[in-house]
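Given chain A's structure and the hints, the job is docking chain B with the ligands onto it.
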Amino acid sequence: MAKVTIDGQTIEVPEGTSILNAARMIGGEIVPPAMCYYTSLETSGGYCRTCMVKVVKGSEKDPRPMPKLVASCRQPVMDGMEVQNITSPEVIEARAGVVEFLLMNHPLDCPICDQAGECNLQDLGYEHGKDGTRYEFERREFEKKDIGDKIQLHMTRCILCYRCVKVADQLCPSRVHGVMNRGDVSEISTYIEKAIDNEMSGNMIDVCPVGALTDKTFRFKSRVWFTKPVEAHRNCTKCSGNVRLWFKGADVLRVTGRKDEWGEVKEFICNECRYDKKSVSDWVIEQPTHVDRHSVISQNHYENLKQMKLDTQRIKAKLPEKKTNGNTK
Amino acid sequence: MGRQLLINDLDKEGIATLAGYKANGGYAALEKALKMKPEEVVSEVQKSGLRGRGGAGFPTGLKWSFIAKPPGVPRYLVCNADESEPGTFKDRYLMQRKPHILIEGMIISSFALGANTSYIYIRGEMMYQFHILEKAIQEAYDAGYLGKNILGTGYDLNLYVHCGAGAYICGEETGLIESLEGKRGNPRIKPPFPAVKGVWQCPTVVNNVETLAAVVPIIDMTGDEYAKIGVGKSTGTKLISASGHINKPGVYEIELGVPVEEFIYSDAYCGGIKNGKKMKAVVAGGSSVPILPTELILKTAKGEPRLMSYESLNHGGFITGTMLGSGGFIVMDEDTSVVKNLWNFTRFYHHESCGQCSPCREGTGWMEKILHKFLDGHATVKDIDLLWDIQSKIDSRTICPLGEAAAWPVASTIRHFRSEFEEYINKGESFKDVKHYFRVNNLQPA
Ligand SMILES: Cc1cc2nc3c(=O)[nH]c(=O)nc-3n(C[C@H](O)[C@H](O)[C@H](O)COP(=O)(O)O)c2cc1C
Ligand code: SF4
Ligand code: SF4
Ligand code: SF4
Ligand code: FES
Chain A
1 MAKVTIDGQT IEVPEGTSIL NAARMIGGEI VPPAMCYYTS LETSGGYCRT
51 CMVKVVKGSE KDPRPMPKLV ASCRQPVMDG MEVQNITSPE VIEARAGVVE
101 FLLMNHPLDC PICDQAGECN LQDLGYEHGK DGTRYEFERR EFEKKDIGDK
151 IQLHMTRCIL CYRCVKVADQ LCPSRVHGVM NRGDVSEIST YIEKAIDNEM
201 SGNMIDVCPV GALTDKTFRF KSRVWFTKPV EAHRNCTKCS GNVRLWFKGA
251 DVLRVTGRKD EWGEVKEFIC NECRYDKKSV SDWVIEQPTH VDRHSVISQN
301 HYENLKQMKL DTQRIKAKLP EKKTNGNTK
Chain B
330 MGRQLLINDL DKEGIATLAG YKANGGYAAL EKALKMKPEE VVSEVQKSGL
380 RGRGGAGFPT GLKWSFIAKP PGVPRYLVCN ADESEPGTFK DRYLMQRKPH
430 ILIEGMIISS FALGANTSYI YIRGEMMYQF HILEKAIQEA YDAGYLGKNI
480 LGTGYDLNLY VHCGAGAYIC GEETGLIESL EGKRGNPRIK PPFPAVKGVW
530 QCPTVVNNVE TLAAVVPIID MTGDEYAKIG VGKSTGTKLI SASGHINKPG
580 VYEIELGVPV EEFIYSDAYC GGIKNGKKMK AVVAGGSSVP ILPTELILKT
630 AKGEPRLMSY ESLNHGGFIT GTMLGSGGFI VMDEDTSVVK NLWNFTRFYH
680 HESCGQCSPC REGTGWMEKI LHKFLDGHAT VKDIDLLWDI QSKIDSRTIC
730 PLGEAAAWPV ASTIRHFRSE FEEYINKGES FKDVKHYFRV NNLQPA
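In order, the protein sequence lines correspond to chains A and B.
Residue 23 in my numbering sits at position 23 of the first sequence, and the numbers go up by one each step.
Residue 652 in my numbering sits at position 323 of the second sequence, and the numbers go up by one each step.
Bound-form chain A, shown alone (with noise of 0.2 angstroms):
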């Protein structure tokens, strides 16, 4: 075990537990915000450089400071190691730059843009970023594309997390999914406009931080806050089938694999369960979703709604009851 202390709260962690997974258990305001790790994609983090911490002891064996501020997303803690991450000016500015950079090129066309409300670089740049841009250049735009017939690419939204080419990589059996060019015209590209065609590809718009990928089954369907998320689940022989369900009245416009706190999908879901299983009587239904990150939908309160109880059971109660087929969960 390694004992670390972050902003002055000490916490006792693993060995090789990272700076930022140290952080999300003692939890609340010290934790960094992470634009591209995701705990279950293998090499990912490091990229977008939002969760940078400053390192003022190294461990209890070396003492001495780190001389850079660090991706605390692939930095291990050591045994006494002392963390600033609010607490450091440094940090705080290092980090409104990241956003400066990020939102630079960003388009900001949050009122047609499907991610708004769940997206977070909207969260990010809400919390961590200054007002206005001194950037008074032309933005990099592109063209939309398609990445198979379910997916949407819309690059100009793109942060170049890695987080879906990671998906491809560790997902999808056969990887046509990738990164193209270089520098600030880097893309996001199926090889040769290769169509993604495989079970898991539909990850990908689970695991992007912002509406660069986005479901085209969803496309405008709605606002994500006028949906309300419930959990459900089915048998399903290609993933654990759990998944959260987002309904507009009686109808599921969209289904996703269950966001954790941190904004992770702890459980992958097949594209069978994500595009095609649009029905009601499809689902065993389990609850509201419990949603505790701080995103434009929990300001709206979804949780504390008794409404949202009532909509439950109103659903439920439409539905014959269904066989849970020994699908425990």
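Think of the hints as simulated: they come from the structure by calculation, not from any bench.
Any given hint might turn out to be false.
[Said to hold, decoys possible] Only pairs whose alpha carbons sit at most 25 angstroms apart, straight line, appear in this in silico PhoX-like list of lysine-lysine:
| # | chain 1 | residue 1 | chain 2 | residue 2 |
| --- | --- | --- | --- | --- |
| 1 | B | K519 | A | K130 |
| 2 | B | K477 | A | K54 |
| 3 | B | K526 | A | K166 |
| 4 | A | K166 | B | K361 |
| 5 | A | K130 | B | K361 |
| 6 | A | K144 | A | K130 |
| 7 | A | K166 | B | K477 |
| 8 | B | K361 | B | K477 |
| 9 | B | K361 | A | K3 |
| 10 | A | K68 | B | K519 |
| 11 | A | K238 | A | K166 |
| 12 | A | K61 | B | K526 |
| 13 | B | K519 | A | K57 |
| 14 | A | K259 | A | K238 |
| 15 | B | K361 | A | K68 |
| 16 | A | K259 | A | K221 |
| 17 | A | K61 | B | K477 |
[Unchecked claim] Residues of chain A clear of chain B, computed beta-carbon distances all greater than 10 angstroms:
| # | residue |
| --- | --- |
| 18 | I30 |
| 19 | L69 |
| 20 | D109 |
| 21 | T156 |
| 22 | V185 |
Everything numeric in this text was worked out from a predicted model, so none of it was measured.
Just so you know, even glycine gets a beta-carbon here, dropped at the ideal spot from N, CA and C.
Just chain B with the ligands now, with coordinates in the frame of chain A:
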């Protein structure tokens, strides 16, 4: 002129061939090294005080001692011949004129590290040198210096040349490794370092061409003797690529410690400034290192003469000093616009950023656009501060040192030449035809 250990004998006939190289004492060091224990070779290199010639100046012997040695796992030596830093052209020269010194150095170093497969990763544009190396390697195989059971010692080594595809970032050692593995050349996030997980996740040492070539004279003359050349912790000789407004541009081998003033003005080296002009500024170690005005490159802030050594050039840190870097020595005369030069450098870094991390991906292009505003005569005083702020938000905040390499020229040009930025602001559009220092190359303007 001091001693030359690397580019001596270039006038000898056939020095680029194995026969000519051998006739001038080549491969004697290899025969000597193969009779030593690998640890003894490492120890000679440690004693020599040799420091990496690729830019960072990290002690080579120390780097070698870090290589992990898990049983049953192969180790690799990779030679970094990607040489793409603007102002640097020494490795190309050495490989072209004396390819066998690199091959000999690589065999000795591979033996010392226990590597049985080694690679030379050469810049994609250097096809000419690529073919020279291929030919030289074949000669070495035919002579029994490469392949199985080298010179009957039981030591096996295969050596390959691998061609890059024209990306500066593939000179960064982990970007290089990715590229060598056949992937996109994105630098890796460290740790782990290559010494633990490098090529194919196996322990790897990456060294510059000149570093590996220097191992040959070190074994020849012993580490202790090598360490006597130079000053302090800057031992041995160094290749300097001298360019710009000097009478005699070219590659020079100097004993570390030569005074900068002598290097620029002596006929043994650069031969003074062209056309009798005055010197304005020097970029001493390749485009990434801070630019210094004449007063500070010739003398330190303390008034001592500055020497061509790691320590002396760095004296005063980045406030009044710079770095030896890769030895790309660019001299600018009084007519040069340092702002235009900076724009050109920045354009390069913008073009070469791999785009993985947000500060470098976005910041380099932003700085280029602002610098362009200066050249167009549309900049305001605020833009100087903005440039300063942007570079400070890239510096030390990125995955690989390309971020710093892009930030330092901006910081140093503002630090030492702020008034020139102001001149651009004050004179506005009328200042457009100012003399400049940059070559139009194949970089497309953004
Ligand atoms: C952007 C970038 C480009 C680099 N290009 C080169 C290069 O072309 N050749 C080189 O030897 N080192 C280059 N380096 C330095 C290498 O990463 C590495 O430090 C070096 O090869 C180590 O060899 P040495 O210890 O012998 O100097 C570069 C570094 C960076 C960050
Ligand atoms: S990705 Fe996020 S910040 Fe960008 S337009 Fe969409 S909602 Fe707005
Ligand atoms: S498309 Fe989305 S997930 Fe993929 S790199 Fe861009 S922002 Fe990240
Ligand atoms: S600093 Fe620049 S070149 Fe280096 S990894 Fe980051 S984006 Fe790529
Ligand atoms: S979350 Fe750590 S760098 Fe992006």
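How the hints compare with the structure:
{"no.": "1", "hint": "K519(B) to K130(A)", "verdict": "30 angstroms, violated"}
{"no.": "2", "hint": "K477(B) to K54(A)", "verdict": "51 angstroms, violated"}
{"no.": "3", "hint": "K526(B) to K166(A)", "verdict": "20 angstroms, holds"}
{"no.": "4", "hint": "K166(A) to K361(B)", "verdict": "49 angstroms, violated"}
{"no.": "5", "hint": "K130(A) to K361(B)", "verdict": "64 angstroms, violated"}
{"no.": "6", "hint": "K144(A) to K130(A)", "verdict": "29 angstroms, violated"}
{"no.": "7", "hint": "K166(A) to K477(B)", "verdict": "40 angstroms, violated"}
{"no.": "8", "hint": "K361(B) to K477(B)", "verdict": "18 angstroms, holds"}
{"no.": "9", "hint": "K361(B) to K3(A)", "verdict": "51 angstroms, violated"}
{"no.": "10", "hint": "K68(A) to K519(B)", "verdict": "13 angstroms, holds"}
{"no.": "11", "hint": "K238(A) to K166(A)", "verdict": "20 angstroms, holds"}
{"no.": "12", "hint": "K61(A) to K526(B)", "verdict": "24 angstroms, holds"}
{"no.": "13", "hint": "K519(B) to K57(A)", "verdict": "19 angstroms, holds"}
{"no.": "14", "hint": "K259(A) to K238(A)", "verdict": "19 angstroms, holds"}
{"no.": "15", "hint": "K361(B) to K68(A)", "verdict": "43 angstroms, violated"}
{"no.": "16", "hint": "K259(A) to K221(A)", "verdict": "21 angstroms, holds"}
{"no.": "17", "hint": "K61(A) to K477(B)", "verdict": "45 angstroms, violated"}
{"no.": "18", "hint": "I30", "verdict": "20 angstroms, holds"}
{"no.": "19", "hint": "L69", "verdict": "6 angstroms, violated"}
{"no.": "20", "hint": "D109", "verdict": "18 angstroms, holds"}
{"no.": "21", "hint": "T156", "verdict": "14 angstroms, holds"}
{"no.": "22", "hint": "V185", "verdict": "8 angstroms, violated"}
Hint check: violations occur at hints 1, 2, 4, 5, 6, 7, 9, 15, 17, 19, 22; the rest are consistent with the structure.
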